[in-house]
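Asker: Sequence:
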Amino acid sequence: MDEAKRMEEGVSTPHNDYHKEDMKMETEKTNGGGDSIEHEQEGESVQETQSLVKQKTRRVATLDAFRGLTILLMILVDDAGGAYPRIDHSPWNGCTLADFVMPFFLFIVGVAIALALKRIPKVKYAVKKIILRTLKLLFWGLLLQGGYSHAPDDLSYGVDMKFIRWCGILQRIALVYCIVALIETFTTKLRPTTLSPGSLSIFTAYRWQWFGGFVAFVIYMVTTFALYVPNWSFVDYNSDEPKRYTVMCEMRGHLGPACNAVGYVDRQVWGVNHLYSQPVWRRLKACTFSSPGYGPLRRDAPTWCRAPFEPEGLLSSISAILSGTIGIHYGHVLIHFKMVS
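With the numbering used here applied, the sequence shown corresponds to residues 66 to 406, in that order.
Incorrect hints may appear among the rest.
Claimed, not checked - Across the chosen pairs, the derived CB separations fall in these ranges:
(1) N303 with S356: 16 to 24 Å
(2) L200 with F268: 27 to 35 Å
(3) V188 with D365: 32 to 40 Å
(4) D365 with T269: 28 to 36 Å
(5) I400 with D305: 56 to 64 Å
(6) D164 with F204: 25 to 33 Å
Unchecked claim - Straight-line Cα separation of at most 20 Å, SDA-like style, residue types lysine to any residue; simulated pairs:
(7) K183 with F251
(8) K183 with V398
(9) K183 with T250
(10) K227 with T250
(11) K254 with T269
To be clear, the hints were calculated from the coordinates, so they are not data collected in a lab. Computed from a prediction, not measured in an experiment: that's the story for all the values here. We treat Cβ as the ideally placed atom computed from N, Cα and C, and that holds for glycine.
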């Protein structure tokens, strides 16, 4: 492993010196055909160097362990959340065990980006790879959560484009991955090889990554509190007969389920029929007597209890970029302080 490191950094090793001496002898023995022998020896040396460098690549055990624990947590809350609502997603305000799953995944994405993009020989190639991977995530997100697959309740396929769900978990991961990875790629020439002395050097060295996360946070906060939300209407297709309801708002800065800016942005961008039709806010006390679990709606339930809402919407996904930023910062810490090279 040490030998591979020296070869990657261009440091001479006894093994390399032996090959150089051997190549020199071969060159001296030949005149006209010496160039071909020399090139052949150089090719063998390059292949050996590349094989040693490949052997040096290793996974970060702590990251793999954390990824496995996050997947285990996801399975737990998905399967047991219905029986134990206290670990299921919070209906609105609050934070439960299930609410940690998505931030953990985005944190893992950020760490993986920092480790994967330690060295970027060609920026254009890296950008192309990032865009391609983003498109793959978007494709699988639409296929699995857009409504095309009806599993596990019904093993049939097909979706009405009038009601396709454009957002989802993989779409949020794709957006966070794309933004964070592009910032990391375009700032590759600004990265230091070694940190300067000081307790804040790790932050100043990667200030552009933090700047991107800060911009996303500001966009979310300003829009949430400054955007005016007018009255809006929707059609409830979950009842026996479709019926139209109207939600009265005409306010800004509201943080409740009915008139928040997050839902308003999604309704304007995607359309109210393309949002998640079974939001968790139906478990609120204002909507059902079975709260915090699911149950039939109360007769006096507000109209917005029947409305769709997108938990992985556009504005909330922009704020999620900060989770990826925190993850990429931890990846930089691993690189500089844990000697992951």
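Asker: Is the gap between the beta carbons of N303 and S356 within 16 to 24 Å?
Answerer: holds, 18 Å
Asker: Would you say the C-beta atoms of V188 and D365 sit inside 32 to 40 Å of each other?
Answerer: With a Cβ separation near 59 Å, V188 and D365 fall outside 32 to 40 Å, so the hint is violated.
Asker: Does T250 lie within 20 Å of K183 when you go C-alpha to C-alpha?
Answerer: This hinted pair holds, its Cα atoms lying about 9 Å apart.
Asker: 27 to 35 Å was suggested as the range; check whether the CB atoms of L200 and F268 agree with it.
Answerer: The hinted range 27 to 35 Å holds for L200 and F268, with Cβ atoms some 32 Å apart.
Asker: So if I understand the rule, the pair passes when the alpha-carbon distance is 20 Å or less; does K183 with F251 pass?
Answerer: Holds, at roughly 12 Å.
Asker: Does T250 lie within 20 Å of K227 when you go C-alpha to C-alpha?
Answerer: The given pair, whose Cα atoms are some 38 Å apart, is violated under the 20 Å limit.
Asker: Is 25 to 33 Å respected by the C-beta to C-beta distance linking D164 and F204?
Answerer: Because 27 Å falls inside the window, the suggested range holds.
Asker: Can you let me know if the beta-carbon spacing of D365 and T269 is within 28 to 36 Å?
Answerer: violated, 56 Å
Asker: Holds or violated: K183 and V398, Cα atoms, limit 20 Å.
Answerer: holds, 12 Å
Asker: Does T269 sit within 20 Å of K254, going by the straight-line distance between their CA atoms?
Answerer: Given that 20 Å is the threshold and the Cα spacing comes to 15 Å, the pair holds.
Asker: For I400 and D305, compare the CB-CB distance with the range 56 to 64 Å and indicate the outcome.
Answerer: holds, 59 Å
Checked against the numbered hints given earlier, the structure breaks hints 3, 4 and 10 and satisfies all the rest.
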